[in-house]
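Colleague: Chain by chain, the residues:
2 protein chains.
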Amino acid sequence: MPAIPSHSGAARARSWWGWGYTDAHPGDAECTAMGALLPGARARPLPIPRVTDLSIGRPAATPPPALAHLVTAAPEARAAHAMGKAYRDVVRALRGRPGRIPDLVARPTDNQQVADLLDWAGEHGVAVIPFGGGSSVVGGVEYRGDTHRAVMSLDLTSMNRVLEVDTASRSARIQAGALGPVLEDQLRPRGLTLRHFPQSFEFSTLGGWLATRAGGHYATGHTRIDDFVQSLRVVTPAGTGTSWRLPASGAGPSPDRLFLGSEGALGVITEAWMRLQERPRYKASASVAFADFHHALDAVRAIARSDLAPANCRLLDPGEALLSGASHDGSAVLVLGFESATTRVDGRLTDALDLARAHGGRGKAPTPGRDAPADAAVSAWRSTFLRMPYLRDGLARMGAVVETFETAATWDRIPALVDAVRGEVGAAALKATGHPATVNCRLTHVYPDGAAPYFTVAVAGRPGVEVEIWDDIKAAASDVLHRHRATITHHHAVGRDHRPGYDLQRPEPFALALRAAKNALDPHRILNPGVLID
Amino acid sequence: MPAIPSHSGAARARSWWGWGYTDAHPGDAECTAMGALLPGARARPLPIPRVTDLSIGRPAATPPPALAHLVTAAPEARAAHAMGKAYRDVVRALRGRPGRIPDLVARPTDNQQVADLLDWAGEHGVAVIPFGGGSSVVGGVEYRGDTHRAVMSLDLTSMNRVLEVDTASRSARIQAGALGPVLEDQLRPRGLTLRHFPQSFEFSTLGGWLATRAGGHYATGHTRIDDFVQSLRVVTPAGTGTSWRLPASGAGPSPDRLFLGSEGALGVITEAWMRLQERPRYKASASVAFADFHHALDAVRAIARSDLAPANCRLLDPGEALLSGASHDGSAVLVLGFESATTRVDGRLTDALDLARAHGGRGKAPTPGRDAPADAAVSAWRSTFLRMPYLRDGLARMGAVVETFETAATWDRIPALVDAVRGEVGAAALKATGHPATVNCRLTHVYPDGAAPYFTVAVAGRPGVEVEIWDDIKAAASDVLHRHRATITHHHAVGRDHRPGYDLQRPEPFALALRAAKNALDPHRILNPGVLID
Chain A
1 MPAIPSHSGA
11 ARARSWWGWG
21 YTDAHPGDAE
31 CTAMGALLPG
41 ARARPLPIPR
51 VTDLSIGRPA
61 ATPPPALAHL
71 VTAAPEARAA
81 HAMGKAYRDV
91 VRALRGRPGR
101 IPDLVARPTD
111 NQQVADLLDW
121 AGEHGVAVIP
131 FGGGSSVVGG
141 VEYRGDTHRA
151 VMSLDLTSMN
161 RVLEVDTASR
171 SARIQAGALG
181 PVLEDQLRPR
191 GLTLRHFPQS
201 FEFSTLGGWL
211 ATRAGGHYAT
221 GHTRIDDFVQ
231 SLRVVTPAGT
241 GTSWRLPASG
251 AGPSPDRLFL
261 GSEGALGVIT
271 EAWMRLQERP
281 RYKASASVAF
291 ADFHHALDAV
301 RAIARSDLAP
311 ANCRLLDPGE
321 ALLSGASHDG
331 SAVLVLGFES
341 ATTRVDGRLT
351 DALDLARAHG
361 GRGKAPTPGR
371 DAPADAAVSA
381 WRSTFLRMPY
391 LRDGLARMGA
401 VVETFETAAT
411 WDRIPALVDA
421 VRGEVGAAAL
431 KATGHPATVN
441 CRLTHVYPDG
451 AAPYFTVAVA
461 GRPGVEVEIW
471 DDIKAAASDV
481 LHRHRATITH
491 HHAVGRDHRP
501 GYDLQRPEPF
511 ALALRAAKNA
521 LDPHRILNPG
531 VLID
Chain B
1001 MPAIPSHSGA
1011 ARARSWWGWG
1021 YTDAHPGDAE
1031 CTAMGALLPG
1041 ARARPLPIPR
1051 VTDLSIGRPA
1061 ATPPPALAHL
1071 VTAAPEARAA
1081 HAMGKAYRDV
1091 VRALRGRPGR
1101 IPDLVARPTD
1111 NQQVADLLDW
1121 AGEHGVAVIP
1131 FGGGSSVVGG
1141 VEYRGDTHRA
1151 VMSLDLTSMN
1161 RVLEVDTASR
1171 SARIQAGALG
1181 PVLEDQLRPR
1191 GLTLRHFPQS
1201 FEFSTLGGWL
1211 ATRAGGHYAT
1221 GHTRIDDFVQ
1231 SLRVVTPAGT
1241 GTSWRLPASG
1251 AGPSPDRLFL
1261 GSEGALGVIT
1271 EAWMRLQERP
1281 RYKASASVAF
1291 ADFHHALDAV
1301 RAIARSDLAP
1311 ANCRLLDPGE
1321 ALLSGASHDG
1331 SAVLVLGFES
1341 ATTRVDGRLT
1351 DALDLARAHG
1361 GRGKAPTPGR
1371 DAPADAAVSA
1381 WRSTFLRMPY
1391 LRDGLARMGA
1401 VVETFETAAT
1411 WDRIPALVDA
1421 VRGEVGAAAL
1431 KATGHPATVN
1441 CRLTHVYPDG
1451 AAPYFTVAVA
1461 GRPGVEVEIW
1471 DDIKAAASDV
1481 LHRHRATITH
1491 HHAVGRDHRP
1501 GYDLQRPEPF
1511 ALALRAAKNA
1521 LDPHRILNPG
1531 VLID
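These protein sequences, in sequence, are chains A and B.
Residue 1 is where the first sequence starts when you use the working numbering, and the numbers rise one by one after that.
Residue 1001 is where the second sequence starts when you use the working numbering, and the numbers rise one by one after that.
To be clear, the hints were calculated from the coordinates, so they are not data collected in a lab.
Just so you know, these numbers come straight off a predicted model, no measurement behind them.
No residue lacks a Cβ here, since even glycine has one placed at the ideal position from N, Cα and C.
Certain hints may be false.
Computed far set for chain A versus chain B, every beta-carbon distance over 10 Å [said to hold, decoys possible]:
| no. | residue |
| --- | --- |
| 1 | Thr52 |
| 2 | Leu67 |
| 3 | Gly319 |
Examples of chain A residues lying across from chain B (beta carbon under 10 Å, computed) [to be verified]:
| no. | residue |
| --- | --- |
| 4 | Leu232 |
| 5 | Ala238 |
| 6 | Ser243 |
| 7 | Ala302 |
| 8 | Ala486 |
| 9 | His491 |
| 10 | Leu532 |
Given the sequences, and given the hints that come with them, work out the whole structure.
Modeller: Now the structure itself:
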């Protein structure tokens, strides 16, 4: 992976309704051009929505004077905290029907303020939605329902400092509200990095990654943020706790693992000691083309079972490969990357290419050495990867319905699962819209015992009912995942959009335990109501 | 690691009071010889205790006819299930003061029987102690207190089958009561292995490993059983649940991680889908001597931070090295081992030896290649490792007090921690006995951000108060670990002996959540009372 560009000092404007920076949004002409590729799309893009067109009322609760300086009721802030950044959220904004606008946005700067805000909210029946970068694609940061007197978005991004660095143990204490570039900027002068680069890197925070068990830099091995946690500080309505910073512990069930993935429903993660890494000195990458996607799956499985541990091992099906420019001949493409701070990686890449060729892959020459330029397919993929969410919003403006979802399953189920998703979700999209849908697949993370497929569905919608179409597609996806016993999410989290699938998947004794934990830690039920558990 | 000898078909007699097989116990002459090395020890060994000398009363509860065939009240079975195999347990047996003898021993053969036994126990106020191989060294499988009408040991070892093997996903569904050799015998014909080889391998079960988060085969990377779990089946008094078998999932907090380490307090783990591995084809090992233990720590840290991922990376301090015959000149010894099923490992060993030499290590020539004989220090260490618990019991018969405890801490704390344990625990042992104590240390598992030191304390006791001396030593150890923020256990579990340290370490919000989960899953409070939470 290349260095992710840092924007912490930049004054670029963030979009309140769509992905990322407003100056990176595709313009009307680019939107129109994209729409021309999608049968049934609009001829012109929907206009960009304005906050001033929203009906934003007076807040239904007022914080006490001692907390007033932490809280705003400004319409712009409230609109920007009303939803996450799923397609469903974007299209609701485009159609002037955003989710419930929060009454207040709080921006605490320390742990005590978080505790004070929770105390006040608990006393007054105010729902609290913890909010990091707001990049949730699963309805994780909005309020649905009407059982609370008011709603307060708890924006943690003012708590964004690296507080301590322990070079002996190569770890750092970092506040949860630090966006990806903000924390990397502070680690870089020490020669260290967290190396957690989700697609949302610029627009998501450490706390958000932890609360949602975000997928990270590595395609194999420690694929998620969970494994890099040394300790957590969590502020709950029932009190604050900090786990000891330990490289490992067998003292009872892991206290951190209860809060990793708790999505703000059990407490607010305010800081963490995280395991860091040195910046890699050695890199090598290459891509391999496969005429047959199922042979490519076999190759990936062989590599995942080896000791080679690629940092990148991303298999693109022919549609994904075409879209990103990684291939133009109907081939699937496997993008391989190796990195190390300490040892040369050329040999590992060579071994991986041998395994790929043994399964029918046509490998190009590797591009080894330190900071060697990646090959064209690798580069093409990478730029498309970071641009994709912006393009999705452009497609939304053209009346398209776009859904991305991801899962994981054991290898015995992967081939049939991928085929079933293509067939059934494609059929559901056709039925809902009358238009043929594109369903593409890539593997984002791979394991010795299984893999994590990521699907993209795009189809022209019908005006005004895009949300309903999206809901139909989501329901079809959840259904096929459930029947194949593939998880409702590998790294996007549950939020509100995945609750039906999650409830079916979760073992009942764990549901009992989680509900009991929720009642104990959040007795007034103010924390992110509706997420994970009722 | 060599193949661990399998004994599943053997009819060798297990000791009810001491470690392992009776025919492997050191004889009186060997005990006497060991005692001669310990200033202040007895001249002759204490006699081996007999079940017939115990006062074992009538059981205080009788199971209903439908369950009667699963339950025994035979004195031999009850005595063998009264305690684990800590020194504290062994010396209580030697002194004729074992822990509370359970009223009944149940041996269910399927999930429904486990549920039925829990139902009956809940209705009648009978405490249930889940029991695998009974090798707990932390008081994890005994009853203390008097708040239950009766006590039933729930022996899972009749549920010991590998039920399914999925070669496509390289995983297997295994019943929790399978002892190490029993499950490996069933996997071997498929060319697969779980590769979980704790010191207790022959005398502990899959369910015990899972319930205690046991330390496994690997010195680096996935060091504990936790990481090899695909799914768990857990029978609780509130119902049975099975998590989906997944290579990874981000759907809420991990349901499995709540039960991993729950030590029988939340439910009975009855089976698991486990990730397997191929048997290694390539091995290479070597040992490195260091004149200075602290330089050796630096070498280990450098190796732990590299990508080399040794399977074995065990650092013995001079006392440990002397005891095991790995060195005789006061050197510390680092035992390194690499293994792979797919790729040659000679290069990784060479790189690791280079790192060790850069920190002052004097490396011997590596012994590479497939199944190459390990070098003498490696072999010496290995045989001592498996024999050690038997020797401990021999020392106990000579009136010695022996305690082993282990921990983990970040690297910044490791040097001072090791020095403090040596000094303070040694002083506590001297104060309690009037005899000089031996305190040895080794690192068993290492991480980029820290390490897991394992300590052995041996000292001549005072007749009849060995338990009290051991308690003093344990308290001193817990105290120094607490002050250095080193975990009360890295892989031995909490049980009852570590409760004071655990209670100080556990964050309060997690304690609230765990207590709530316990109340929800075990409303009659019958499951392993006193473990983890009250």
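Colleague: Now look at each hint and say whether the structure bears it out.
Modeller: How the hints compare with the structure:
{"no.": "1", "hint": "Thr52", "verdict": "holds (38 Å)"}
{"no.": "2", "hint": "Leu67", "verdict": "holds (22 Å)"}
{"no.": "3", "hint": "Gly319", "verdict": "holds (24 Å)"}
{"no.": "4", "hint": "Leu232", "verdict": "holds (8 Å)"}
{"no.": "5", "hint": "Ala238", "verdict": "holds (6 Å)"}
{"no.": "6", "hint": "Ser243", "verdict": "holds (5 Å)"}
{"no.": "7", "hint": "Ala302", "verdict": "holds (9 Å)"}
{"no.": "8", "hint": "Ala486", "verdict": "holds (8 Å)"}
{"no.": "9", "hint": "His491", "verdict": "holds (5 Å)"}
{"no.": "10", "hint": "Leu532", "verdict": "holds (5 Å)"}
Taken one by one, the earlier hints all hold for this structure without exception.
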